[in-house]
Structure formats: C-alpha cells, structure tokens
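Visitor: Sequence:
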Amino acid sequence: MKNALLAIIIFLLISPLFNSTHTGQVYLDQIKEVKYSTEPFDIVLHDNIAYVLTLGSVYSVTTVDPYNLTSTEIKPISGAASIAFIGHYCYALYSDGVIVVYDFSKSPVAKKTQINTNGRIKKILIDNGYLYTINEDAGMQVYDVNIADFPVYKSTQAIPFNANGIFVSSNKAYISSSGGHLSIINVTDKSSLQIVGSYSSGTSFFEPFVDGNTAYIPQGSTGVQVLDISKLPNPKWEFNLFGRKNSHQVIASNFYVWVADDKSIEGFYNDAPASYYFAGNHKFSDKINRIAVIEGKYIYVTTKDKKLKILKIDYKY
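Here this note's numbering = 1-based position in the sequence shown + 9.
No lab work stands behind these hints, which were simulated from the structure alone. Be aware that a few hints might be false.
[Said to hold, decoys possible] Only pairs whose alpha carbons sit at most 30 Å apart, straight line, appear in this in silico DSS-like list of lysine-lysine:
1) Lys240 x Lys44
2) Lys84 x Lys44
3) Lys131 x Lys325
4) Lys316 x Lys296
5) Lys292 x Lys325
6) Lys272 x Lys132
7) Lys181 x Lys84
8) Lys84 x Lys254
9) Lys254 x Lys313
10) Lys84 x Lys121
11) Lys131 x Lys272
12) Lys325 x Lys272
13) Lys245 x Lys41
14) Lys254 x Lys163
15) Lys132 x Lys163
16) Lys132 x Lys325
17) Lys321 x Lys245
18) Lys115 x Lys84
19) Lys321 x Lys306
20) Lys245 x Lys44
21) Lys120 x Lys132
22) Lys131 x Lys121
23) Lys254 x Lys199
24) Lys315 x Lys254
25) Lys296 x Lys240
26) Lys321 x Lys41
27) Lys240 x Lys272
28) Lys131 x Lys240
29) Lys131 x Lys120
[Stated by the list, open to error] Computed Cβ-Cβ distance ranges for the label pairs, DEER-style:
30) Glu82 x Ser114: 15 to 25 Å
31) Thr165 x Tyr36: 44 to 54 Å
32) Asn127 x Phe159: 12 to 22 Å
33) Asp56 x Lys321: 31 to 41 Å
34) Pro282 x Val107: 18 to 28 Å
Every residue, glycine too, gets a C-beta built ideally from N, C-alpha and C.
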C-alpha cells in the first residue's frame, strides 16, 4: 500500500515536468508540391493567394485549400524582382529600377502607370497606403499610393549600404543590411522621415521580422537574434535562437517562430516573454529560398530545386 501511494505521489510530481517538455510540439508534414521550370525565390501573400516569383515568371497559387491548389502563370509581370499589392493593384519591381503598376481586376492584367526610380532598388513593400522602396543609390524612398494608379513621391531617408530587407510595423520601418546593421525609421510623417534607433552586431543580417516589441534578425550561421525594441533608440539584445547552418528568414505566428534555415524549417514555441522552446522541424533535400505561413495552418516553401512545397502544421499540445 505504501509503495503504491509513493508511486502515485512521484507520478504527480513529475507529470508537470513531462507535460512541459512536450508543450507546443509540432509535426510538419509535406502534403503537396508544385514544380516550376525556373527557380522560385520569393512568396508574397495577398487576398488568399500566394504569389510565387520565379526567375522566369510569376504564378498565383491558391491558399484556401492547399490539398487541391491551383497554380496559374501571370505572364504580363514576368521578370519581376519584387512585388507588392494594394487592393487589386500590383506594384512590380524590375531589374532596371522601374516599378510598374498593374491592374489585376483586368483579364489579362493591364499596365496602368510606372515609377522611374533611377536607382538600384532591392525590395518594395506596401503598408497602409504607402510604398516603401530600398534604393541602394538614394536610401529608403516613400510614395503615397492611396490612389493606387497615381503614386506620389513623399520623401527619402539615407540608409546604410548593402540594405537587403525591410519590415514596416506601427509607423516604423526596420531595415537590415548585409553589413550587420539594423536601422529603425519613424515613418509617421511621410514627408519628414527620422532615424529613431539602430543596432549593429558585426555580422551579416537578413530581412527582419517584427512582432510587437520584439524584432527577429536572421544572421546566417549564428541563428536569429531576438531584440527588445520597446526602448529606442537602443534595441536590447535578448538572446539567439540557433538554427542549423544558415538562418535567413524568420516569421512569428500564433506563439510560434518559424526559421528558414539552409535545408530545414526550424520551429520554436514562445509561451511567455523571453521563453522559447524547440517545437519541431522539417528537413528538405535542397536549400530553402523563401517561406510563407498561411493562417498558422500551412507553410509554403520555395526551394532551389525549382519547387514550391506545402507543409501542414500539426500541433501536439
């Protein structure tokens, strides 16, 4: 009797520890893949569609039912290096620095106007009616695109060279550079941009992701830097999330942080501030270019073997 009682007590004591070990675990199962003729390098989400940019063209891929997805080529915007949407208008960046505006409500899509930036544009993004461009020759440029087919230039802010990523959140633009520098710009007044914070670590950065007061900065072989950005101008380093070989993209979604590494996706469960646990991963035979998380249910992955691969997230609470 005493032994049985002792066994029950021990079980009750260790069961919380056992459960916490498995809290937030996930399984990632590949359910679908699409083969392209050229390598896909980016994914942009808009209105339940994943737009996949390849070296040869652009494709619209449905996201509502990934088990029965369709992939349709959009030939008029072939060759775009970066795209962004506002309503049914698509802004497409080309290698000559020209940004062309297309009306996606037309069939086929119709060109409406264009912006001649006269610079080396690395990336474009639209947030809350404004277009942000990373211009290697001028800096971060902002255009008012609330009237989508009549963009109006607003302002420019100088940024460090080798900028390679931008994220806009709560009227601040976060710009990373391959030189290991993060610039934070207040964009509340689009006509008078101001740098309100910066962070450097001496190693290469990839595109940042911001969630509330936390910024995630992928930095290759040393994983992802996690920064507290609540007190600018000096973001505070918290810790690193370590990947496998080359962490180059990160997305925070529904208490999870997903890291695109060299040939794997690494998942971390964030159940409390400054508390992250390894949740699971999925390995691929070839290198990952870009990922997109769909409503916390699926992950769309572009890989160097010219494929788009769809993973289902299976949560094991």
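Visitor: Next, verify each hint and record whether it holds.
Guide: Against the structure, the hints come out as follows:
{"no.": "1", "hint": "Lys240 x Lys44", "result": "46 Å, violated"}
{"no.": "2", "hint": "Lys84 x Lys44", "result": "17 Å, holds"}
{"no.": "3", "hint": "Lys131 x Lys325", "result": "39 Å, violated"}
{"no.": "4", "hint": "Lys316 x Lys296", "result": "11 Å, holds"}
{"no.": "5", "hint": "Lys292 x Lys325", "result": "19 Å, holds"}
{"no.": "6", "hint": "Lys272 x Lys132", "result": "24 Å, holds"}
{"no.": "7", "hint": "Lys181 x Lys84", "result": "34 Å, violated"}
{"no.": "8", "hint": "Lys84 x Lys254", "result": "36 Å, violated"}
{"no.": "9", "hint": "Lys254 x Lys313", "result": "16 Å, holds"}
{"no.": "10", "hint": "Lys84 x Lys121", "result": "16 Å, holds"}
{"no.": "11", "hint": "Lys131 x Lys272", "result": "24 Å, holds"}
{"no.": "12", "hint": "Lys325 x Lys272", "result": "23 Å, holds"}
{"no.": "13", "hint": "Lys245 x Lys41", "result": "40 Å, violated"}
{"no.": "14", "hint": "Lys254 x Lys163", "result": "40 Å, violated"}
{"no.": "15", "hint": "Lys132 x Lys163", "result": "18 Å, holds"}
{"no.": "16", "hint": "Lys132 x Lys325", "result": "37 Å, violated"}
{"no.": "17", "hint": "Lys321 x Lys245", "result": "34 Å, violated"}
{"no.": "18", "hint": "Lys115 x Lys84", "result": "13 Å, holds"}
{"no.": "19", "hint": "Lys321 x Lys306", "result": "6 Å, holds"}
{"no.": "20", "hint": "Lys245 x Lys44", "result": "42 Å, violated"}
{"no.": "21", "hint": "Lys120 x Lys132", "result": "20 Å, holds"}
{"no.": "22", "hint": "Lys131 x Lys121", "result": "22 Å, holds"}
{"no.": "23", "hint": "Lys254 x Lys199", "result": "39 Å, violated"}
{"no.": "24", "hint": "Lys315 x Lys254", "result": "21 Å, holds"}
{"no.": "25", "hint": "Lys296 x Lys240", "result": "37 Å, violated"}
{"no.": "26", "hint": "Lys321 x Lys41", "result": "9 Å, holds"}
{"no.": "27", "hint": "Lys240 x Lys272", "result": "35 Å, violated"}
{"no.": "28", "hint": "Lys131 x Lys240", "result": "29 Å, holds"}
{"no.": "29", "hint": "Lys131 x Lys120", "result": "22 Å, holds"}
{"no.": "30", "hint": "Glu82 x Ser114: 15 to 25 Å", "result": "18 Å, holds"}
{"no.": "31", "hint": "Thr165 x Tyr36: 44 to 54 Å", "result": "47 Å, holds"}
{"no.": "32", "hint": "Asn127 x Phe159: 12 to 22 Å", "result": "19 Å, holds"}
{"no.": "33", "hint": "Asp56 x Lys321: 31 to 41 Å", "result": "22 Å, violated"}
{"no.": "34", "hint": "Pro282 x Val107: 18 to 28 Å", "result": "44 Å, violated"}
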